[in-house]
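Participant: Going down the list, the protein sequences come from chains U and P.
Going by our numbering, 218 is the number at position 218 of the first sequence; the sequence numbering is gapless.
Going by our numbering, 197 is the number at position 197 of the second sequence; the sequence numbering is gapless.
For the record, the hints were derived by calculation from the structure and aren't laboratory data.
Using N, Cα and C, we set each Cβ at its ideal position, and we do this for glycine too.
Relax, there's no trap hidden among the hints.
Calculated lysine-lysine pairs in the DSBU-like style (CA-CA distance at most 30 Å, straight line):
1) U:Lys37 to U:Lys175
2) P:Lys37 to U:Lys112
3) U:Lys302 to U:Lys175
4) U:Lys37 to U:Lys302
5) U:Lys37 to P:Lys112
6) P:Lys37 to P:Lys302
Computed, partial: chain U to chain P, Cβ under 10 Å:
7) Met30
8) Cys47
9) Phe50
10) Lys52
11) Ile111
12) Arg271
13) Ile279
14) Gly310
15) Gly311
16) Asn312
17) Gly316
18) Leu318
19) Trp320
2 protein chains.
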Amino acid sequence: MHQLHTIPSIEDLRATHAAIASFIHRTPVMTCSTIDKMTGAELYFKCENFQKVGAFKMRGAASAALRLSAEQASRGLATHSSGNHAQAVARAAQQLGVPAYIVMPSNAPAIKQAATRGYGAEITFCAPTVEARETALQEVVARTGATFIHPYNDYNVIAGQATAALELLEDTAAKPLQIVMAPVGGGGLMSGTALAVRYTSPGIQVFGAEPKAVDDAWRSLHSGHIASNATTQTIADGLRTNLGEKTFDIIRHHVDEIYTVSEEAIIAAMRLVWERMKIIIEPSCAVPLAAVFSYPDVFRGKRVGLILTGGNVDLGELPW
Amino acid sequence: MHQLHTIPSIEDLRATHAAIASFIHRTPVMTCSTIDKMTGAELYFKCENFQKVGAFKMRGAASAALRLSAEQASRGLATHSSGNHAQAVARAAQQLGVPAYIVMPSNAPAIKQAATRGYGAEITFCAPTVEARETALQEVVARTGATFIHPYNDYNVIAGQATAALELLEDTAAKPLQIVMAPVGGGGLMSGTALAVRYTSPGIQVFGAEPKAVDDAWRSLHSGHIASNATTQTIADGLRTNLGEKTFDIIRHHVDEIYTVSEEAIIAAMRLVWERMKIIIEPSCAVPLAAVFSYPDVFRGKRVGLILTGGNVDLGELPW
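Please take these sequences and the hints and turn them into a complete structure.
Facilitator: In structure tokens, the structure reads:
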């Protein structure tokens, strides 16, 4: 595959999906009659919590890694992340047999450090600030020649994240969805999802969902300019980042609306999925379901696809 | 279907499976490469935690309920249980449009009371002793004419529980299992599983798994007489009961071995499934996986089917 320097086409998305097949699971789409009854909607959950490394991030990391030349790849993959993207880049590098260099804040949870190291990555610790992360990453890249894989603001990554929606749309083709909704953090999944839906199913509405506490995407969509968050005080730890210019450009053209929800609604939706669907999801991916409960008139009677983005949770620190 | 008064035949099991189809989900069989690597075995998890009411008990309750005459059924279904069997009987009655009468100890968790009531059952509370339960049940049956559905010592129930293994064997037919293992409480699932395997796949070994703290089934199998437990101090709350004479008769002839495991091994196996498979399982169904870890030489290199029996857990009281 070639490097993507412009918005991926539907052919790019399909080529990406074929190329990353051995790096990902084709995750199931689940339903839950109890939650359908509670919401009055027909919900289809795309279970990326069952994805390799426990999150959709595997798709984007594989897509970006596979687009490097053999020579580039041999020098390794690098990123800064304390979360799922770190594990995804480490796992992609492991499968390609090349080094991974991950910059992590020194306060990253031990379990995430261990998982990243378990995939064979070299971890560089830095102070827990954005500046320290970026400086440490630049040093790693300068020292190793590794390629930085951005967690979201990269068309190669966006093309990978889009493949989750491609699968969801295929697997619900017999009873086509009317709405597809994803959570919005940096916007990689959101923009990829919007592209996949627009290209293949232009009649389906595309919504984002976001914690009220970090509603930068909602403000960006409604103001036309990338907004930032004054705080990162949300339980949805995957959604604290701001949009990038590439993801925002796609989102502003292809996302119909963004719904914001309270922290209480996120926790209640997360617990409901655990209790009734018997699956483990992160707080971040409870945000779309929280939106279904918070805006019932929008979703009642509709067939709605929700992307459950990941299942990496510290079981020792649950929010209830 | 007719009432079963003798050990169910393979034809009985197949007829049961067809009859209960609208009462149950066909649950998936999951695998986990990480746990396979850790154990050196190839494990196939039959996910009854995704079953209706969150447990395999739905199968046995539906099987027993569907064998009642219309006249019997119209007077209702009754049982005593604070656990999954109560919800299964209540749900079966609801689907048949007949009353359900459930006797519960007064200290049954509020969430289980609510779930049982949610299926439309009438709950009678009693003191938390075996005697009080049985007395209360007799009173309910005398008052209502409802039919008591025993949680395990009933061939109609056993035939229902056997259908989980029938599905597991069908879904792994391309790479046949070498061992099938289920947890042992009262023995309904264990005896049904053993029958299903023996009838369809006589070359497969059938194992039970049990907490060391309540090893009545292990002692029964090795002594030839039904043993009882001096204590019920195990986290595996579904496995505290003793065998019945019907379940023991099947188990002694068709179960090859029972493996006992420590409480620590149960908790570790449960947490591992939550963390790596991203699914919620009860402590009781972590017991077979705990056996795989506790007796590595028995399982290494083998294709092993494990029945994950249920996913009803109080999320506010986790064992870690």
